[in-house]
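Student: Chains Z and U supply the protein sequences, listed in that same order. Residue numbering for the first sequence follows the working numbering, starting at 15 and increasing by one per position. Residue numbering for the second sequence follows the working numbering, starting at 51 and increasing by one per position.
Mixed in with the good hints there might be a few duds.
Only pairs whose alpha carbons sit at most 35 Å apart, straight line, appear in this in silico DSBU-like list of lysine-lysine [as the list claims (entries may be wrong)]:
# : chain 1 : residue 1 : chain 2 : residue 2
1 : U       : 322       : U       : 359
2 : U       : 52        : U       : 491
3 : Z       : 111       : U       : 289
4 : U       : 491       : U       : 289
5 : U       : 491       : Z       : 111
6 : U       : 370       : Z       : 111
7 : Z       : 238       : Z       : 64
8 : U       : 449       : U       : 78
9 : U       : 325       : U       : 289
I should point out that these hints are in silico values taken from the structure, not numbers from a laboratory. Being a predicted model, the structure only gives us computed values, none of them experimental.
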Amino acid sequence: MSDVVVISGGVDGLVAGYLLAGGGRRVTVVLEQDLPAGTPGWVPPPVARKLGIELTVRRPDPWLRAPLPGGGALELWQDMQRSVESLRRISPHDAGKWPEFSERMARLGALLERIYVGPPPSLVDTSFALRVRRLGRRGMEDLMRTLPMPAAELLDDWFESDVLKGALGALAVADLQQGVRSAGTAFRLLHFHAGSPPGVFRAPSSNLGVLLRGRSGVTVRSGKAARIAVSAGRVTGVILDGGEELAAGTVVSDAAPGRTLLDLVEPGWLDPDLARAVGHIRSRPVAARMRLELERAPEWPTLTLAPSLDYVERAYDAVKYRRASAQPVIDAVADGAAVDVVVQYVPDETAVSLAPLEPHLPLITRQTVQYGQPHQAELALDQALWMRPLPELARYRTPIGGLWLCGQAMHPGASVAGASGYNCARAILRA
Amino acid sequence: MKRYDAIIVGGGHNGLACAAYLARAGRKVLVLERRERVGGAAFSDEVFPGFRFSVFSYVVSLLRPEIIRELELPRHGLQILPLESTLTPLENGDYLAQWSDHDQNRRELARHSPRDAEAYDEFGLLLHRMARAVKPLLRVTPPDPASLDPRQLLELLSLGQYFRGLPEKDLHALWKLLTMSAADYLDEWFESEALKGTKSASGIIGTLLGPRSPGTAYVLLHHYMGELDGVFRAWGFAKGGNGSVSAAMAASAQAHGAEIRTQAAVSQVIIKSGKATGVVLENGEEIHGAYVVSGADPRRTFLGLVGEKHLPDDFAASIKRYRFRGSSAKVNLALGELPRFTCMPEPGPHLRGAISISPSVDYLERAYDDAKYGEISKRPYMDIVIPSMLDPSMAPPGKHVMSIFVQYAPYHLNGGWSDARREELGDTVIDTLAQYAPNLKGAILHRQVITPADIERIVGLAEGNIFQGELSLQQMFFLRPAPAWSRYRTPIRHLYQCGSGTHPGGGVMGASGRNAALAILGDRP
C-alpha cells in the first residue's frame with residue numbers, strides 16, 4: 015500500500031509524486047493519459063533542481079513571426095538586437111521603443127518568476143507588499159498600471175505597428191475567453207514572459223514530460239480514477255475505473271478542481287457554498303488545438319496570424335455570443351515537420367478551417383484536433399495569484415482531509431510547467 | 051487689487067463643494083465659472099418654455115451624506131425626492147419590475163425565476179457589506195505607495211491595517227468585484243436575463259466597456275453605496291433638477307463668504323518659478339491668489355491651463371495617456387402626454403421610478419460592440435426617468451419631461467460628430483424606445499439631443515466623459531489621475547485639483563471637492 019496516490023493527467027502530478035517520494039513517501043501515480051514529448055511552458059529552475067534533472071529547453075527563434083500585409087514578415091528574436099532590426103523595417107518608432115518596453119516588462123516578469131515558486135502570496139501579505147516596494151517607484155507604478163490594464167491599451171501606449179500589436183495581443187489572450195480590450199490581459203503578457211529573456215513573450219517548452227516518464231522511485235501505472243473514497247471527512251484512497259481500490263491516506267490530483275471535488279468525490283462531503291464556487295470556476299474552452307504532420311518542415315519556427323488588435327477583438331466578439339470566430343486568431347509553432355496550431359476562438363467542437371494558414375504550409379499528411387481549456391481555470395485577474403482557482407483552495411489543500419490539488423488550475427499553473435505540482439508537494443511535506 | 055486665498059477654477063459641484071469647505075474654514079475664496087450659471091454637469095435649465103430639465107446628470111445617489119450635513123445643503127434648498135422602482139420592459143411584451151418594497155420585489159422576481167428570488171437577498175447582503183467596506187475609502191486621500199515620506203508611510207500602514215482588519219472572505223469578494231466583469235459576476239448568482247441585464251447596466255455607465263468587460267462588476271457596488279440621509283440604497287431626484295445640488299452648494303459657499311463670478315473663463319494658470327500664483331481670464335484680466343484649485347478635468351487643467359512646458363515629462367506623459375473615451379449621450383424630451391409602455395400601459399407607480407432598456411446582457415454587449423468600433427449603438431441601452439412625475443414644477447400642468455441617458459454614443463465616432471449624426475442618434479433612441487412605448491412619437495413636443503461632443507463643448511468635460519476620465523482600475527485610487535499625484539496636489543506648487551478626475555471621482559458625489567479642501571487645509575493650516 016502507498017502513502018500517497020496521485021491522479022495525474024499532466025506533468026504536475028508526476029512532479030508532485032516524485033517530490034513526495036523524495037520526501038520519503040511511498041507514492042503511486044495513476045497516469046490518466048500519456049504525456050506528449052514536448053511539455054509546453056516554462057519550468058521554474060527550482061523545480062528542475064529539486065528533481066535533480068537537466069532539462070532541454072526549446073526556445074523557438076524567431077519566437078514571433080507575423081506576416082506583413084505587403085509581403086515579408088515581422089520577426090522577433092530571442093536576441094533583442096535582431097528584433098530591433100526587424101522592427102525598424104516596419105516602424106522606426108516601434109524599433110526605438112522596443113528595448114525600453116522589453117526591459118520594463120522584464121522587471122515585472124521577474125517579480126512573477128519569484129512569486130510563482132511557492133504558494134501564492136496573500137492579498138494582505140506584508141512581505142509581498144515589501145517585495146513590491148523593492149521594485150522602486152517606476153517598477154511599482156508600472157506594476158499597478160499594467161496588472162489591471164487591457165493588453166490593447168498597454169500596446170497602444172507604446173507602439174504604432176498593427177502587425178506587432180496584433181500578434182502580441184493574440185499571445186496575451188491565449189486560452190482566455192476575453193479580448194485584447196479586456197482589463198487584466200496585459201498581466202497575461204507578463205505571465206507568458208516569465209522565464210524568458212527580456213522582450214520574449216512566448217513561453218519556452220521542454221522535455222520535462224519525457225524525463226519524468228523515464229524516472230524511477232514511484233509506482234506509475236496507467237488507469238482512470240472513477241472515485242476518490244472519503245470516510246469521516248478524510249480520503250481513504252482512489253477507486254479506478256475497473257473497480258480496483260488503491261488505498262492511501264493522501265490523494266493528490268492534478269485534474270481540474272471541478273472534476274476532483276464535484277465528480278470524483280461523492281457529493282455531500284463538500285460544503286455547498288464551496289461546491290457552488292467550484293462550479294463557478296471559469297474554464298471555458300476557447301480554442302481548437304491541432305497537431306499537423308507535414309511533408310517537410312515549414313520555413314518558420316512560429317507563425318502568428320492576427321494582423322491587428324481589432325482583428326483579435328473581432329475574433330473575440332463572436333465567442334461572446336457562443337459562436338466560433340469567422341476569422342480566428344491562429345498561432346503555430348513548428349517542431350521539425352510537426353506543427354502545433356492553436357485556433358482561437360472556438361467555443362465548442364466545431365470543425366475549424368486552416369485556410370488562412372495554407373499559403374504558409376507544406377502539404378499536411380495527418381492532423382489531429384483537440385478542444386478544451388488547458389489552463390483548467392482561465393487565467394484572469396480574479397482567478398490568479400491568491401484567487402487561483404478560489405481563495406479557499408489557493409493553498410493546494412482542500413477541506414477534505416488528505417486531499418490536495420496540484421493541477422494547472424492552481425497557482426501558478428496556466429502553462430507554467432511543474433510549478434503547481436512542486437508548490438503542492440512542498441505544502442504536503444510541510445503539513 | 052483684491053487678493054484671495056483660493057481661486058477655484060470651475061463652478062461644477064466639486065469646485066463648489068471645495069469652495070464651501072474652504073470658505074467655511076475662513077479662507078477667502080473666489081470661484082470662477084465660464085458659463086452664465088454655476089453647476090457644470092449638475093445643471094438645471096428651462097430648455098423649452100415651461101419645461102425644466104436636469105440637462106446632463108439626472109439622479110442623485112452618491113452625494114456624500116457628510117457633505118449634505120456639513121454644508122447644510124437642505125437649509126440651502128436641497129430636497130431629494132426618492133426614486134423607488136426600476137422597470138425593465140422586455141422585447142416579448144413582458145417586463146421585470148424591481149420595487150423598493152421587499153415582498154413585492156421578491157414576488158416579481160420569483161415570477162421570472164424562483165431561484166433568483168432566493169439568491170437576491172443574499173446577493174444584496176453581500177454587496178451591502180462590500181459597500182460598507184469600501185465607503186471609508188471614499189474619504190481617504192490615497193497615499194503614494196512608493197513614497198518614503200513618514201507621514202505617507204503611516205497612512206499606507208493604516209490603510210494596510212484597515213484591509214487586514216476586514217474578514218479575509220470580504221477581501222476576496224472585493225477583489226472579485228474589482229477584477230470581474232459584471233456579466234460573469236452576475237452569472238454566479240442569477241439566471242434571469244432581464245435581471246442580469248438590468249443589474250449589469252449599472253456597471254457600464256460612463257465607460258466605453260461592455261457588461262462582459264472585466265472591471266465592470268465593481269460599479270455594481272455603487273448601487274448599494276448610494277445613501278441619502280442615511281438610507282441605504284436610495285436613489286433620488288433633486289427637486290428642481292440636479293442644478294439644485296449645485297445651487298445649494300453655491301448658496302452654502304456664499305453664506306460662508308465665498309465669491310462666485312460667472313462668465314469668467316480662465317485661460318491660464320499663472321506660474322512663477324514653479325508656483326501657481328493666480329489665473330488669467332480669457333478677457334486678459336489677472337486675478338491673484340495664494341493658491342489655485344482646478345475643478346476642470348486633468349487634461350484641461352494640465353495640458354490646457356498649465357501647459358506642458360511647466361510639467362515634468364513623466365507626469366505630462368501620464369496625463370496624455372489618461373483615458374476619457376466618453377460614451378454617453380442624453381436625450382431630453384418634452385412630452386404632451388405620458389408614455390404608455392406596452393408591458394404596463396396604464397399610468398402608475400412604475401413611471402415614478404427608473405425605466406431601463408436593458409432586456410439582457412447580450413443586448414447591452416451588442417450595443418457595446420457597435421461603439422467599440424466607433425459607431426452609435428443600433429439598439430442602445432437607456433436609463434429613463436420622468437422627473438415631472440415626482441416634481442410637477444418641472445413641466446406645465448398635464449405635460450411631462452423625460453430624461454433619457456443613452457449608451458453608447460462614442461465620442462470618437464467614425465467620421466466625427468455633426469448635426470446630422472446628432473439627429474441620427476436622437477432618431478435611434480426614439481425608434482428604439484417607441485418599440486416599447488408606441489405612443490411616444492406622438493407625445494413628443496420637443497427634443498434635445500446631447501452627444502459626448504456637445505458635453506465637451508458645453509460643460510468642458512474632455513471627450514464628454516461624465517466622470518472626468520474612465521473609472522477603470524488603472525485610473526483609480528493611487529493612480530487617479532496619475533501615479534504619485536493622486537493626493538489632490540500637483541507638480542506645480544500651490545496648484546491643487548478637486549474635480550472628479552481625482553479620487554474617488556465620478557457621479558454627483560462631491561467627495562473629490564471635499565477631500566481636496568481637506569488636503570489643502572492640511573497643507574496650509
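Student: Does each hint hold? Answer for all of them.
Tutor: We went through each hint and held it up to the structure:
1. Using a Cα cut-off of 35 Å, the hinted pair residue 322 of chain U and residue 359 of chain U holds, with the two alpha carbons roughly 13 Å apart.
2. Straight-line distance between C-alpha atoms of residue 52 of chain U and residue 491 of chain U comes to about 55 Å, which puts the hinted pair past the 35 Å bound.
3. This hinted pair does not check out: residue 111 of chain Z and residue 289 of chain U have alpha carbons roughly 54 Å apart, beyond 35 Å.
4. Using a Cα cut-off of 35 Å, the hinted pair residue 491 of chain U and residue 289 of chain U holds, with the two alpha carbons roughly 27 Å apart.
5. Between residue 491 of chain U and residue 111 of chain Z, the direct Cα distance comes to roughly 55 Å. Violation of the 35 Å bound is thereby established for this hinted pair.
6. At most 35 Å may separate the alpha-carbon atoms for a hinted pair to count; residue 370 of chain U and residue 111 of chain Z meet this at roughly 17 Å.
7. At most 35 Å may separate the alpha-carbon atoms for a hinted pair to count; residue 238 of chain Z and residue 64 of chain Z meet this at roughly 28 Å.
8. The straight-line distance between the Cα atoms of residue 449 of chain U and residue 78 of chain U is roughly 45 Å, outside the 35 Å bound, and the hint therefore fails.
9. At most 35 Å may separate the alpha-carbon atoms for a hinted pair to count; residue 325 of chain U and residue 289 of chain U exceed this at roughly 42 Å.
Of the numbered hints stated above, those contradicted by the structure are hints 2, 3, 5, 8, 9, listed in ascending order.
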